[in-house]
Amino acid sequence: MTSTVPDRSVLVAIYRKMALVKLNDERVIATIKAGKLFMPFYSARGQESIPAAISVLLDPTDYLVTIYRGVHDMVAKGVPLKQLWAEFAGRTTGTCKGKGGPMHITHPESGCMVTTGIVGSGIPIGAGLALAAQLRGEKRVAVTNFGDGASNIGAFHEGLNLAAVWKLPVIFVCQNNLYAEHTAFAKGTSVEQIATRAVSYGIPGVRVDGNSPVAVYAAAKDAIERARAGAGPTLLEAVTFRFNGHVLGDAGEYIPKEEYAAAVAADPFPRYRNWLIEQGHASADELSAIDASIDAEIDEAVEFAFSSPLTEGSEVRRDVYAQGQQEGSAQ
Amino acid sequence: MSKTDKINMVQAINWALDDAMAADENVIVMGEEVADPEGGGIVKVTAGLSNKYGSRVRSTPISETGFMGAAVGAAVVGIRPVVEIMLMNFVAVCMDPMTNHAAKLRFMSGGQTHVPLVIRTMTGSGFQQGGQHSDFLEAWFCHTPGIKVVMPSNPAEAYGLMRASIEDDDPVLFVEHIGSYWTPGPAPERGSSIPLGRARVVREGKDVTLIGYSRSVADILSVATKLSESGIDSEVIDLRTVQPLDTQTVFESVKKTGRAVVVHEAVRSFGVGAEVSARIHEALFRDLKAPVQRVASVDAPVPYAKHLEAAFLYSHADIEAAVRQTFV
Chain R
1 MTSTVPDRSV
11 LVAIYRKMAL
21 VKLNDERVIA
31 TIKAGKLFMP
41 FYSARGQESI
51 PAAISVLLDP
61 TDYLVTIYRG
71 VHDMVAKGVP
81 LKQLWAEFAG
91 RTTGTCKGKG
101 GPMHITHPES
111 GCMVTTGIVG
121 SGIPIGAGLA
131 LAAQLRGEKR
141 VAVTNFGDGA
151 SNIGAFHEGL
161 NLAAVWKLPV
171 IFVCQNNLYA
181 EHTAFAKGTS
191 VEQIATRAVS
201 YGIPGVRVDG
211 NSPVAVYAAA
221 KDAIERARAG
231 AGPTLLEAVT
241 FRFNGHVLGD
251 AGEYIPKEEY
261 AAAVAADPFP
271 RYRNWLIEQG
281 HASADELSAI
291 DASIDAEIDE
301 AVEFAFSSPL
311 TEGSEVRRDV
321 YAQGQQEGSA
331 Q
Chain P
1001 MSKTDKINMV
1011 QAINWALDDA
1021 MAADENVIVM
1031 GEEVADPEGG
1041 GIVKVTAGLS
1051 NKYGSRVRST
1061 PISETGFMGA
1071 AVGAAVVGIR
1081 PVVEIMLMNF
1091 VAVCMDPMTN
1101 HAAKLRFMSG
1111 GQTHVPLVIR
1121 TMTGSGFQQG
1131 GQHSDFLEAW
1141 FCHTPGIKVV
1151 MPSNPAEAYG
1161 LMRASIEDDD
1171 PVLFVEHIGS
1181 YWTPGPAPER
1191 GSSIPLGRAR
1201 VVREGKDVTL
1211 IGYSRSVADI
1221 LSVATKLSES
1231 GIDSEVIDLR
1241 TVQPLDTQTV
1251 FESVKKTGRA
1261 VVVHEAVRSF
1271 GVGAEVSARI
1281 HEALFRDLKA
1291 PVQRVASVDA
1301 PVPYAKHLEA
1311 AFLYSHADIE
1321 AAVRQTFV
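Chains as they are written, first to last, in the numbering used here: chain R, 1 to 331; chain P, 1001 to 1328.
One thing to keep in mind: the hints can contain errors.
Calculated from the model, a selection of chain R residues having no Cβ within reach of chain P, i.e. all distances over 10 angstroms [unchecked claim]: (1) PRO6; (2) HIS182; (3) GLY202; (4) ARG271; (5) ASP295; (6) LEU310.
Covered stretches of chain P, as calculated for chain R (at least 3 residues, CB under 8 angstroms) [claimed, not checked]: (7) 1112-1121; (8) 1158-1170.
Note that these hints are calculated values from the structure, not bench results.
All values reported here derive from a predicted model rather than from experimental measurement.
Yeah, the Cβ is synthetic: ideal placement off N, Cα and C, and Gly gets one too.
With the sequences and hints as input, model every part of the structure.
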């Protein structure tokens, strides 16, 4: 771990978010596998250091944009588990009443403004949220998350260029998990480090070990401070790995066995947990108590979701247009 | 300027933008070359605005995916961007932010967010601009629930419809016909607006209903005048907005006349004319004296050469022939 270690309270706050993200991810998978929930799930197990370390630096008023592999980002930012699970289950109490689903979670109260299922699309949208903050003279920032695959699509390049030209308060977080769907990073990307692409846009590009919460924290702190100070955007590449393939059910034949085994052996969650204990930042009992409280919170969320009423079919005609203009035409 | 003075559509839209920006500081203008140092837009629709409103009027890089996506993001938190896509064909490079995001975020968020965005664009054949600078693509967007499509026919309408589009909480595509820009018309009353989704009966008549929007309204009126000399009394409807589509006004007219012809510059197949025709047949089959006719451009890309453009676009003779077909 690097030298700029944050305070104990921050380290524990990061742990709490990592545990929340990990345990929630595992519960989703278990619930799907038990046949109690049908939904497409893009697990981020293995990537939890990134949103955990970034989100402790953000306020609820800061904007978040994420992608279909984004439940970890949302949960870390503060989207309530109850409403999240109710959305998964298609209930009226869900964040989006069951009309968005896991790929389109929106929860403005926690700053989760847009979740997109289209690779790269969130990058210009994040720039636009930052533009709104800049126009209004606010201090808030936008954090927009995407994967390594998105760095090859036009929206990435257009979004970074625009944000750089207009000095927008946005942090572009590339969670490089080394695979774009089933294609290995090097097969589809012309550079060894995505962070170097920042040079093309005249903005800082920083590459960190995305499995080190302390390293992510330090880099994100610089980027967020820079954005809040009006100095413009940063491209932050956090190198990581996803343990459950592209979409749940993906057996991952395209990943070499040795690479997969090494990644799992270096699982950032137990590594960080052990480090906290070894360094005396927290006791095993303290961390176990956190885990237990999160488990209880997830139990409650699952119970809330499945006991909530299903959203009525008539909802498909609502929210297409503003109220009173539902179908856009007299029929 | 008094109400009786004439202005053109360039001035009318400029007024609408100016008045909307003065009324609401959340209204911003973005697009290629829209600010005054870059010329105030290639046909000067946005001239003078950046001098008056500063950084609220932003020239962008030639980067439609980038700035359209940014406009969507800003709109989600209450900015009201009016984005210029220089020519309608260029929407093809930013369909994702328009159709996957602007049109759907209200629904996909369960009504928690919405996108009060206006996309201005211009197009039209007749200027030898060829296959990538002249198309009418409104049907693409009418087929995407969540977005509205406005197509004004004259300066005063353009002013009122633009004010309503900017005030609207849904994304609106606002299509300006290049061929209508410099045609003078009565000046609008500043501050007025025209509600979206209400068609206008431009000319009353009893024998046949002629339905158009954008530049075809002027063509239809001209043909209606000619037909009146041979005893055919045409009612002319300007749809103004094609999504929402004011079927009520159309049905009331067709119930009276029993005949209808739809005219648009977009290509014929799978277009707005097909939708209008289908709705009339579904609702008023027994009231019709003849099948509804469509007049549109040939199902082909817009050609370059002047005589080929003329062969591509409908003519007044085509409209007249379609009307006479309803009397056979």
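Do the hints match the structure? See the list:
1. The beta carbon of PRO6(R) sits about 30 angstroms from the closest Cβ of chain P, which is more than 10 angstroms, so the claim that it is off the interface holds.
2. With a least beta-carbon separation of about 22 angstroms from chain P, HIS182(R) lies farther than 10 angstroms from that chain, consistent with its non-interface assignment.
3. Its beta-carbon lying about 13 angstroms from the closest one in chain P, GLY202(R) satisfies the requirement of being farther than 10 angstroms from that chain.
4. The beta carbon of ARG271(R) sits about 35 angstroms from the closest Cβ of chain P, which is more than 10 angstroms, so the claim that it is off the interface holds.
5. Chain P leaves ASP295(R) outside its interface by the beta-carbon criterion, the shortest separation being 28 angstroms against a cut-off of 10 angstroms.
6. No beta-carbon of chain P is positioned within 10 angstroms of the beta-carbon of LEU310(R); the least distance is around 14 angstroms.
7. With a cut-off of 8 angstroms between beta carbons, the region 1112-1121 of chain P has 3 residues touching chain R; three or more are needed, and the interface restraint holds.
8. Figure legend: the region 1158-1170 of chain P, annotated as covered by chain R; annotation consistent (3 residues with Cβ-Cβ distances under 8 angstroms, at least 3 required).
Of the numbered hints given earlier, the model fails none.
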